[in-house]
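Asker: Note that the protein sequences, when read in sequence, are chains A, B, C and D.
Sequence positions in the first sequence follow the working numbering and run 1 to 326.
Sequence positions in the second sequence follow the working numbering and run 1001 to 1326.
Sequence positions in the third sequence follow the working numbering and run 2001 to 2363.
Sequence positions in the fourth sequence follow the working numbering and run 3001 to 3363.
Just so you know, the hints here were simulated from the structure itself, not pulled from any lab data.
Cβ coordinates follow ideal geometry from the N, Cα and C atoms, glycine included.
Among the hints, erroneous ones may be present.
Pairs of lysine to any residue, SDA-like flavour, derived with a Cα cap of 20 Å [stated by the list, open to error]:
no.: 1; chain 1: D; residue 1: K3279; chain 2: D; residue 2: E3295
no.: 2; chain 1: C; residue 1: K2208; chain 2: D; residue 2: S3269
no.: 3; chain 1: D; residue 1: K3039; chain 2: D; residue 2: D3303
no.: 4; chain 1: C; residue 1: K2270; chain 2: B; residue 2: Y1048
no.: 5; chain 1: D; residue 1: K3270; chain 2: A; residue 2: R106
no.: 6; chain 1: C; residue 1: K2325; chain 2: A; residue 2: R106
no.: 7; chain 1: C; residue 1: K2320; chain 2: C; residue 2: Y2014
A few chain D positions that, by computed beta-carbon distances, are all more than 12 Å from chain A [said to hold, decoys possible]:
no.: 8; residue: E3020
no.: 9; residue: G3022
no.: 10; residue: E3118
no.: 11; residue: V3133
no.: 12; residue: L3199
no.: 13; residue: P3200
no.: 14; residue: E3238
no.: 15; residue: R3272
no.: 16; residue: E3275
no.: 17; residue: R3343
no.: 18; residue: R3351
Computed footprint of chain B on chain D; a stretch qualifies when at least three of its residues, placed anywhere within it, have a C-beta under 8 Å from a C-beta of chain B [stated by the list, open to error]:
no.: 19; segment: 3058-3065
no.: 20; segment: 3256-3267
no.: 21; segment: 3276-3286
no.: 22; segment: 3321-3328
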Amino acid sequence: MAELNMVDAINRALFEEMENDDNIIVLGEDVGVDGGVFRVTDGLLEKYGEKRVIDTPVAETGITGLCVGMAAGGLRPVPELQFSGFSYMGLHQLEMHAARFRWRSRGRYAMPITVRIPYGAGVHALEHHSDSKEVLYAHIPGLKMVIPSGPRNARALLLAAIRDPDPVVFFEPKAAYRAFREEVPDEEETLPLGQSETAREGDDLTLIAYGAMLHRALQAADTLSEEDGVEADVIDLLSLSPLDHERFAESARRTGRVVIVHEAHRSYGPAGEIIARLIEESFWYLEAPIRRVTGYDIHVPYFAREQAYLPDASRIVDAARAVLND
Amino acid sequence: MAELNMVDAINRALFEEMENDDNIIVLGEDVGVDGGVFRVTDGLLEKYGEKRVIDTPVAETGITGLCVGMAAGGLRPVPELQFSGFSYMGLHQLEMHAARFRWRSRGRYAMPITVRIPYGAGVHALEHHSDSKEVLYAHIPGLKMVIPSGPRNARALLLAAIRDPDPVVFFEPKAAYRAFREEVPDEEETLPLGQSETAREGDDLTLIAYGAMLHRALQAADTLSEEDGVEADVIDLLSLSPLDHERFAESARRTGRVVIVHEAHRSYGPAGEIIARLIEESFWYLEAPIRRVTGYDIHVPYFAREQAYLPDASRIVDAARAVLND
Amino acid sequence: MPRTAVELEYSVEYLSILDENGDLDTELEPDIEDDQLHKMFRTMLLSRRFDERLLTLQRQGRIGTFAPVKGQEACQIGSMPAMRDSDWFLPAFREFAAMIWRGFPLAEILVFAAGYNEGAAIPEDAHDFPIAVPVASQIPHAVGVAYACQYRESDDVAIVFFGDGATSEGDFHEAMNFAGVLGSPVVFLCQDNRWAISLPRDQQSKSKTLAQKGLAYGMPCLQVDGNDILAVYAATAEAVERARNGDGPTMIECLTYRLAIHTTADDPSKYRDEEEVEKWEKLDPLPRFQNYMVERELLSDDDIDTMEDEIKDEIDQAWKDAESKIEELGGPEVMFDYVYAERPPYLEAQRQTFLELRDREEG
Amino acid sequence: MPRTAVELEYSVEYLSILDENGDLDTELEPDIEDDQLHKMFRTMLLSRRFDERLLTLQRQGRIGTFAPVKGQEACQIGSMPAMRDSDWFLPAFREFAAMIWRGFPLAEILVFAAGYNEGAAIPEDAHDFPIAVPVASQIPHAVGVAYACQYRESDDVAIVFFGDGATSEGDFHEAMNFAGVLGSPVVFLCQDNRWAISLPRDQQSKSKTLAQKGLAYGMPCLQVDGNDILAVYAATAEAVERARNGDGPTMIECLTYRLAIHTTADDPSKYRDEEEVEKWEKLDPLPRFQNYMVERELLSDDDIDTMEDEIKDEIDQAWKDAESKIEELGGPEVMFDYVYAERPPYLEAQRQTFLELRDREEG
Ligand SMILES: Cc1ncc(C[n+]2csc(CCOP(=O)(O)OP(=O)(O)O)c2C)c(N)n1
Ligand SMILES: Cc1ncc(C[n+]2csc(CCOP(=O)(O)OP(=O)(O)O)c2C)c(N)n1
Ligand SMILES: [Mg+2]
Ligand SMILES: [Mg+2]
């Protein structure tokens, strides 16, 4: 067992799976010699060489577009797009092709592509580097969309994503990259895509979160426990697509009260889908309106004020108390 | 008063506003000599000449990117992207720049751009020509997103969109282009962006729809009235962003029962936001779970089966009856 | 130290072998076996007749929108014989002639054209890509699949088709640039048919040729008479050889003309003169190649008549087959197939709902 | 009829006027007024010192990530004097020297670098674009704003800066192609500093020069010694004249070098040798220009000392101003400003919620 931060845990998964499967090609801007601007791909080039670790030109469409061809040719590309805010330049290749090739060719071409994309605010970066528009990918049929919250599940989910026969958009919460370390087992560990986890148990309230916001939800849960004697069930979604509606439905039916947290913009953000599912399937169990604590419908402000944009524990506690009093 | 179909009504609005304001530049693929592949821009080139009506190369990024520069230079571009399924190639310029320039420059640069984009299924077209992923635009702060449902509101909304000082993504439902004619007043008429309309009044049930699906919702409402004696309030959203939550909230509070219809994919589709708003603000008035009738989470099938993908009146009636019986 | 000229890696050349008057440059005449020439001619004729039938079927409302090949057959039937079956073929949306050469059954193309996804199925193990509708978006795929060949040290190469209009897209640029850097075994075959729907070539780009765009990527490039099947063959064979030998990609511009409408949804009378079309009809690649075949005594007029009859039967049969295939297809619920390797539970639930609703309506 | 050479519209040339040994090509020496040369030198020195100060402030944690200009000053201060104030200036993210020439106050740049949107404000009526972080994405804007000039029949032109890395992006391609077709009055100024973060120039594109990419768009193009301020000036002046006369765009590649880190988040020791940097330090544009100024007796060593002192004071003062500006800024609720011309009700509601929460926490 090693104590790893998320960067090292993802790096470990890449090493493990490249060792297992020589179809895996890592490509992207600065992923080779530089080891990635966040060092997530550090050491891969030295170990696996230039044919398997490609430093590409600055060309997001080229990267995602090449991956479609590589996958059709039997490879298993694991591209990195440097920041989610730039990924929109390559989005159309995912929507038009990666997501559709299996379907269009009636099964001839699988698209086992895992697009790693650092996302989210909280690291004092320049404009566009704090974006959290996961909905743009989660809404596209044919793609899967995964967002880990910690080192251990990041490693396990990345292994599963790479092995998955379908294209996976794998958003990595930058704010959680080096925020903490966690024991990551030496032996191989995977987690099924499309399955959420309970990060904390409780019967009074359901908090649903993912990515870096999970930790703020957990903080809020601690405060609620200490200050209000309220025990929150905290659910870590892990996948946005497929969305594991069963776990949160079970929890919501038990607690009757739900708060959803994400740093994505509020309007048309991921919470809408979760609420829709809860209403469709668990309406009669709800004892209060579901609330959401989200990023605002504004561009993430430059870094001096980015924390004001983000949901924090006190906003979550506040919403939780409101839901409890409703 | 003239009886116009939607193509002609939009064409009329373009003529009217180009006459009013010589800052307006129409540009896009085949918008000039050809008059647009749907003939929406027919005649503009002849009347306003090559400087104001630009037939561009096949280059969606170039089109949206140029518009940002044109707007900064004081023009009021009205680009056409030929089909929403291809618009993702130019999406990043809208997200990265059109939506942000006012904010980034602290008010120096307004972005009065109206991006016209035909969208939606039902016209027997090739792959990618039936897409309805309006959420990809509705989720982006700084953009507005408008979707008319008929000739008269299309003309009035387009005038308002062009005059709006902020960037508007204007989705035109292809299936409604030539589906019917409507009286369009000779005098100028605009409709405020961000304001929905009641398309049919009733007290038993609220149906929320927009674009081509409005007509299927209205059909369903007729069936419900005839066969079940149930009177549906039918709301035509018209704008997805800003979303006029007040009108549907009022209706939902009155009827207690809501069905939302859209042809966009279900998961993370527009209905999620509407449901979230209703739950946040009108939860206690709901007498049954809200239901949604949507496109499925699959690629729109090739045209022989596209109608199976789309919500139709019978699916809507079915959902309405379920909500009424809940 | 003053202003000095920079010498470029490559220059741009123009290739023509069999011109519109039937004059043949015997020096450059490629060495193609008689059988192969025969197959090329037959496929060209078949694709022309098939194109005509598609148009009829479309006008009768039996199939949907499609993009006719008419006029561009030499680009497609000239280039494909330079490829092996194991080489990768990436069409845009107007490559029915090339697809027929590759062995796509006419009946399947018809099923596709009639609006059924099943017609677009790619056989297991085929090295053919599906039709790509978004302009230029298939070009990066060629570089990717060629990378798989490089990586596996196979000497297969890829050929990707695109139009003049496609060279305006960023996808073209990024793909070409990657190919240069990676030394990709790719033949970039641009069918410059002078129109991108209603936009003529000279309004698409100010460059004198489209071939010269290769220079921007340090790539050899060639402009070819695209209605001269021999020139297209020679150019492609040269490019394929370069690619197969590990010497990287080539940009080929085939100068040709879209003799027909853009697609069946298009009305060219809005934007182009009949005279231009008439001028190009005289340059039609089909009679040019036919004369060559007859001149070389590889075909007689009788042979051609027989061939026409066979082709007519073949197409009639294909439509019959397509009709019965369509009858045997599954219901609309097949739209839920192939979205993922395994259908996730939420999607299976949507499918079940769909089936229940249908049963209820029918029952 | 056989294989014939196609003659291109333009050829690629290389321009150098004042070389690294101080040798001057007096034939080509541009005619710049003494005052202007003086201002150019001072701005160059100021921007170098400002760059150094930014680095210190960043290392002290007082400002955030930024991209140093060091080594590229001649590209920016060589080109900008060829533009008028009413010409449009479009930076990427490393154009602080050019921004200073354009009159952006140092204090505002510091406020921006400290993470406040207010520092990025563009004055009403200024013809300056905001910083563009997404690589190459600003290039189409130049064509758009130049179109506004063409449309209004103003003879203003636009200059857009971008790096070598940016030429790999589709945005570059589509913009250049549009400019060719529209005959846009744009100077495309590529600062080829040999690196795109860790990717060296030769892995970005196989083309021998970046200048030659202009050929793909039928555009005149020129490669320039980018550390030679006179050559950059001459090249830009020529391109500006062409643009102003209605003769369309020009692609200029300035060969230079990023002497410093990519940004303050970068560690170049991972990917490049110190020797390469040392080699380029000898080609530093600042001493080269300084020698020229001294040689021409436009500056004495004393003048330079005085200038250094003034500049130090100016920068000290700017930081003081920035600090007090920052103190006077509104609270984080300003993040709700300028998203739309008028804040829509739902957004005002979000702002109110934000304020209430904050008040409750503070109260
Ligand atoms: C990305 C994208 N934009 C727009 C379209 C609509 N469209 C279909 S074909 C075409 C013109 C293509 O011209 P060209 O590349 O020359 O091919 P051709 O049709 O002449 O074969 C356009 C604009 C599309 N299919 N894809
Ligand atoms: C679209 C996009 N992709 C990736 C990045 C991350 N990034 C910032 S600068 C840079 C390299 C740019 O190289 P170049 O254009 O040569 O400019 P330079 O940094 O050398 O000035 C990259 C990849 C970005 N800002 N935008
Ligand atoms: Mg064409
Ligand atoms: Mg660079």
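Asker: Confirm or reject each hint.
Answerer: Status of the hints after comparison with the structure:
Annotation: proposed proximity of K3279 (chain D) to E3295 (chain D) is violated, straight-line Cα distance about 24 Å (limit 20 Å). With a C-alpha separation of about 44 Å, the suggested pairing of K2208 (chain C) with S3269 (chain D) is violated against the 20 Å cut-off. Note on K3039 (chain D) and D3303 (chain D): the hinted pairing holds, with a Cα-Cα distance of about 13 Å set against a maximum of 20 Å. Proximity of K2270 (chain C) to Y1048 (chain B) is assessed by CA-CA distance (about 17 Å); at most 20 Å being required, the pair is judged to hold.
A hinted pair counts as satisfied when its Cα atoms are at most 20 Å apart, and K3270 (chain D) with R106 (chain A) does not qualify at roughly 45 Å. Our distance criterion of 20 Å between C-alpha atoms is met by K2325 (chain C) and R106 (chain A), whose separation comes to about 16 Å. Pair hint K2320 (chain C) plus Y2014 (chain C) does not hold up; C-alpha atoms about 44 Å apart against a cutoff of 20 Å. The Cβ of E3020 (chain D) sits about 28 Å from the closest Cβ of chain A, beyond the 12 Å cut-off, so the non-interface label holds.
The beta carbon of G3022 (chain D) sits about 35 Å from the closest Cβ of chain A, which is more than 12 Å, so the claim that it is off the interface holds. With 12 Å as the threshold on Cβ separation, the claim that E3118 (chain D) sits away from chain A is violated: the shortest Cβ distance comes to roughly 9 Å. For V3133 (chain D), the non-interface assignment is contradicted: its Cβ lies about 5 Å from the closest Cβ of chain A, within the 12 Å cut-off. For L3199 (chain D), the shortest C-beta to C-beta distance to chain A comes to about 5 Å, within the 12 Å cut-off, and the non-interface label is violated.
Listed as a non-interface residue, P3200 (chain D) fails to keep its Cβ farther than 12 Å from every Cβ of chain A; the least gap is roughly 9 Å. Interface exclusion of E3238 (chain D) from chain A stands, the closest Cβ pair being 29 Å apart, more than 12 Å. Not every Cβ of chain A is farther than 12 Å from the Cβ of R3272 (chain D); the closest lies at roughly 9 Å, contradicting the non-interface assignment. Distance check for E3275 (chain D) against chain A: the nearest CB is about 16 Å away, which clears 12 Å, and the non-interface claim stands.
With a least beta-carbon separation of about 10 Å from chain A, R3343 (chain D) fails to lie farther than 12 Å from that chain, contradicting its non-interface assignment. With a least beta-carbon separation of about 8 Å from chain A, R3351 (chain D) fails to lie farther than 12 Å from that chain, contradicting its non-interface assignment. For a cut-off of 8 Å, the count of residues in the segment 3058-3065 of chain D with a CB near a CB of chain B stands at 0, and the three-residue condition is violated. Proximity of the segment 3256-3267 of chain D to chain B, defined as three or more residues with a beta carbon under 8 Å from a beta carbon of that chain, is not established by the 0 residues found.
Look at the segment 3276-3286 of chain D against chain B: 0 of its residues bring a Cβ nearer than 8 Å to a Cβ of that chain, fewer than three, so the hint is violated. Judged by the Cβ-Cβ criterion of 8 Å, the segment 3321-3328 of chain D is not covered by chain B as claimed, because only 0 of its residues qualify and three are needed.
Of the hints listed earlier, those the structure fails to meet are numbers 1, 2, 5, 7, 10, 11, 12, 13, 15, 17, 18, 19, 20, 21, 22, in rising order.
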